[in-house]
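J.: Chain by chain, the residues run as shown.
Number of protein chains: 2
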Amino acid sequence: MKKLFLIATLGMLCCLHSANAAAPVAPAPNGLTLPEGYKDWPVISSTHRLDNQTLRVIVGNKTAVEAARTGKTNPWPEGTVFAKMAWKETVHPAWEKALVPGEFIQVEIMVKDSGKYKETGGWGFARWKGLTLKPYGADASFAQECFACHQPVKDKDYVFTRPHQLP
Amino acid sequence: MKKLFLIATLGMLCCLHSANAAAPVAPAPNGLTLPEGYKDWPVISSTHRLDNQTLRVIVGNKTAVEAARTGKTNPWPEGTVFAKMAWKETVHPAWEKALVPGEFIQVEIMVKDSGKYKETGGWGFARWKGLTLKPYGADASFAQECFACHQPVKDKDYVFTRPHQLP
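Respectively, the protein sequence lines represent chains A and B. Under my numbering, the first residue of the first sequence carries the number 1, and numbering increases by one thereafter. Under my numbering, the first residue of the second sequence carries the number 1, and numbering increases by one thereafter.
Only chain A is shown next, with the shape it has when bound in the complex (with noise of 0.2 Å):
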């Protein structure tokens, strides 16, 4: 009975791990998936949002690293796409004067399709909330909420991200 029990738990945690190791994120409502191996795309900027203490990077593909380093930007070329991961800010436990990425918040993309997008100034937006990567929306209309607040930047083509000076 008790070896019975031993294989049913191991049947059960192997499953438990498989099941994470290969979790498939669900696309979001407007049925934009995250881009594979976003985690690997060279950084384009950073910033320090104040008003929800988080932390910020944007990471871009070939084209929008290409676009970015080109000063090409305005407007971005097609085939542009953004990764900006979020954390919580925190006090850094060695340097009190040092704020760095806490708990994971979310990661959101910009795709640039111009005839595909052109309700939402050419741009497609997703965002998938946690570690879980729950993605952000009841349904497609989520995406105005994104181009709506993105209005501030209409002249740089909707886009806050000013990539970082480089040498």
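Simulated from the structure, these hints should not be mistaken for lab results. As the structure is a prediction and not an experimental result, all values here were calculated from the model. There could be a bad hint or two in this list.
Note that identical chains are pooled: a pair holds if it fits in a single copy or bridges any two copies.
What the hints assert, rightly or not - Heads up, simulated DSS-like pairs for lysine-lysine below, C-alpha to C-alpha not over 30 Å straight-line:
id	residue 1	residue 2
1	Lys72	Lys39
2	Lys39	Lys129
3	Lys116	Lys88
4	Lys97	Lys39
5	Lys39	Lys118
6	Lys39	Lys156
7	Lys88	Lys118
8	Lys88	Lys156
Since the structure of chain A is provided, determine the placement of chain B on it from the hints.
T.: Chain B alone, transformed into the frame defined by chain A:
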């Protein structure tokens, strides 16, 4: 005469251009060189230093990124290389509660080689200042200054960077 002047001017411009394109970065006084392609490395973390008003992004080579993502960071493995880029903080022109990177200040590296850098906790340190990437330090002893500043994180293998949480 006019033609000669034009040719001479064009010649000078060409030289200036190619000098700029190929501008080699001088090694640090301890012989460390700025790693090729560091701008394309994945992000490991970011910081906002309130004591000197800088935003920083820390990227790492393959060894560093693998260690960061698997939690094998104390000690960091031999061959780990970090590059930390720093910018003066500035207010986002369209979002006054966001601080974003302004003027590029410097890039610093840490290279883990316990044998070679025994005197400084197993780490080789170097810094290049400004857009001209001027090596920091009058002679190789500058690394003692870096090492002294890293004492508060002696129990973290002398590394301030805590890898950000990722889904």
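J.: For every hint, state whether the structure bears it out.
T.: Quick rundown of the hints versus the structure:
For a Cα distance limit of 30 Å, the shortest separation of Lys72 from Lys39 qualifies both inside one copy, at 23 Å, and across copies, at 18 Å. For the identical chains of this complex, Lys39 and Lys129 are neighbours both inside a copy (16 Å) and across copies (28 Å), given an alpha-carbon limit of 30 Å. For a Cα distance limit of 30 Å, the shortest separation of Lys116 from Lys88 qualifies neither inside one copy, at 33 Å, nor across copies, at 38 Å. In this homomeric assembly, Lys97 and Lys39 come within 30 Å of each other (Cα to Cα) both inside a single copy, at 27 Å, and across copies, at 26 Å.
Only within a single protomer do Lys39 and Lys118 lie at most 30 Å apart by alpha-carbon distance; the minimum there is 28 Å, versus 33 Å between protomers. For the identical chains of this complex, Lys39 and Lys156 are neighbours both inside a copy (25 Å) and across copies (24 Å), given an alpha-carbon limit of 30 Å. For the homomeric pair Lys88 and Lys118, neither the shortest alpha-carbon distance inside one copy (33 Å) nor that between copies (36 Å) is at most 30 Å. For the homomeric pair Lys88 and Lys156, the shortest alpha-carbon distances inside one copy (27 Å) and between copies (22 Å) are both at most 30 Å.
Comparing the model with each numbered hint stated earlier shows that hints 3, 7 do not hold.
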